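*Asks:* Chain by chain, the residues run as shown.
Protein chains: 2
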Amino acid sequence: MFENEGVGIEPEAAEPKRRAGAKAERTRALIRDTALASFRERGYDDTTLRLIAQEAGVSLGNAYYYFPTKNHLVQELYAEVQREHRAAATELLAGSDELVDRLGIVYRTGLATLEPFHAFAPGFLTAAISPRSPLNPLAEDSAEARELAVGLFRDAVAGARHSLPDDLARSLPEVFWLAYLLLALFWAYDRSPGRERTLRLLDGGLRLLGLALPLARLPLLRRPLRELVELVAAVRA
Amino acid sequence: MFENEGVGIEPEAAEPKRRAGAKAERTRALIRDTALASFRERGYDDTTLRLIAQEAGVSLGNAYYYFPTKNHLVQELYAEVQREHRAAATELLAGSDELVDRLGIVYRTGLATLEPFHAFAPGFLTAAISPRSPLNPLAEDSAEARELAVGLFRDAVAGARHSLPDDLARSLPEVFWLAYLLLALFWAYDRSPGRERTLRLLDGGLRLLGLALPLARLPLLRRPLRELVELVAAVRA
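Protein chains in written order, with full-length UniProt numbering: chain H, 1 to 237; chain E, 1 to 237.
Hints are supplied without guarantee of correctness; some may be wrong.
Any copy will do: because identical chains look the same in the list, a pair fits if it lies in one copy or spans two.
Distance condition first, Cα-Cα at most 25 Å in a straight line; then the derived SDA-like pairs of lysine to any residue [stated by the list, open to error]:
(1) K70 with E80
(2) K23 with R50
(3) K23 with H72
(4) K70 with R132
(5) K70 with P122
(6) K70 with S133
(7) K70 with P131
(8) K70 with D45
Think of the hints as simulated: they come from the structure by calculation, not from any bench. Quantities reported herein were computed from a predicted structural model and do not represent experimental measurements.
Take the sequences, apply the hints, and build the full model.
*Replies:* See the structure below:
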């Protein structure tokens, strides 16, 4: 509805429209923040749109207007997390053109952005792991957030000096993103203080990647590696 | 209770005991098979012990006697699947002392044993993925089935000629088992005919492993690899 109000708008009507847009954005953000607090307190499963609306002091109809289902709300959170992740990574990425360093930046800022969600990771995994769940990161409904996330890995690869074969470089961002999902799975299970185990796993994985990447050019390894990367990258197909 | 009946039993009482044991085993198997059929028809979530008892023609009290909770029933299915898996792998393992071949045998027979469960894999993932779920393969409650599964990978490594460093060889069965869980995750998402994509991923992974394993002896790779393997193997800690 708000979108349609813009059709044929006169210049003098632009100011109220801008204010209405700002108010809508505030309401969305309020619902989002209230949802997050509720996920933390009640867990993901026991949080309903009705409860969120109540606690945000927003009418249920209004809450439904912005988020017709809990899925819509989570998709908005996904996209929001991705935008934060990109913002946190971008500045640091400007400081390095080493592929493994750049990947490290993207993975580490990603984990830091996820951290506030750790308490409800178990309930969230439960809701999202089924291949049939619209919350699944591989699902149709998650396309926007996924594009943002894969795009960040694409930037990490594109801005790096490396001598990887082109075909491999093209598929790698998707594979690095899938590796990030697996890292997030490990993180969800990690109860060590400061997620120290996840960070050590990441560091070890990156060190090994740095040692192994030059081998990817060996003719013997290149073809099986490419096949594997393509299979993994196409997990969504 | 049945277990206690064996205490101080006289030789002439052994035959009725044996028959009672056989009857108990038949009832367990009946409940198990009925549960499987129900998982397939209703999905994992909508299957209750009450429904299973009804369909098996067993009193609810009797069903509860064997399986106090749905978790107990699933743990029994886990263990049963592991026994089938071992039976399917053992004969084939006798025919090879190549590490990668042997791993291929364990992975392939494992996927074949899982296949009848593919239809309810999504509901099952949902029930088992939470780190807090007793159905989680890493959970305390799943220890019996897990020991059987890791034991099979241990046999696969122990019966192979290889020149891997000892410390690595010790941790690897656990890592290969975790890789199997990830393969099963990929399989759960795989809708290709005959799970052709999962099998190709497996073949590609094994080929790459075969090429990469000799490199594990290189001093440069050996330490970071060992650290990584130990971190991954300790995911349960």
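*Asks:* Work down the list of hints and note, for each, if the structure agrees.
*Replies:* Okay, the hints, checked on the actual structure:
In the homo-oligomer, the alpha carbons of K70 and E80 lie at most 25 Å apart inside one protomer (15 Å), although the nearest pairing across protomers, at 38 Å, exceeds that limit. In the homo-oligomer, the alpha carbons of K23 and R50 lie at most 25 Å apart inside one protomer (21 Å), although the nearest pairing across protomers, at 52 Å, exceeds that limit. For the identical chains of this complex, K23 and H72 are intra-copy neighbours only, at 19 Å inside a copy versus 53 Å across copies, given an alpha-carbon limit of 25 Å. In the homo-oligomer, the alpha carbons of K70 and R132 lie at most 25 Å apart both inside one protomer (16 Å) and across protomers (23 Å), since each shortest distance falls under that limit.
In this assembly of identical chains, the alpha carbons of K70 and P122 lie at most 25 Å apart whether taken from the same copy (17 Å) or from different copies (20 Å). Taking CA atoms no more than 25 Å apart as the test, K70 paired with S133 passes in both settings, with 12 Å inside one copy and 23 Å between copies. In this assembly of identical chains, the alpha carbons of K70 and P131 lie at most 25 Å apart whether taken from the same copy (18 Å) or from different copies (23 Å). When the C-alpha separation of K70 and D45 is checked against a cutoff of 25 Å, the pair qualifies both within a copy, at 10 Å, and between copies, at 20 Å.
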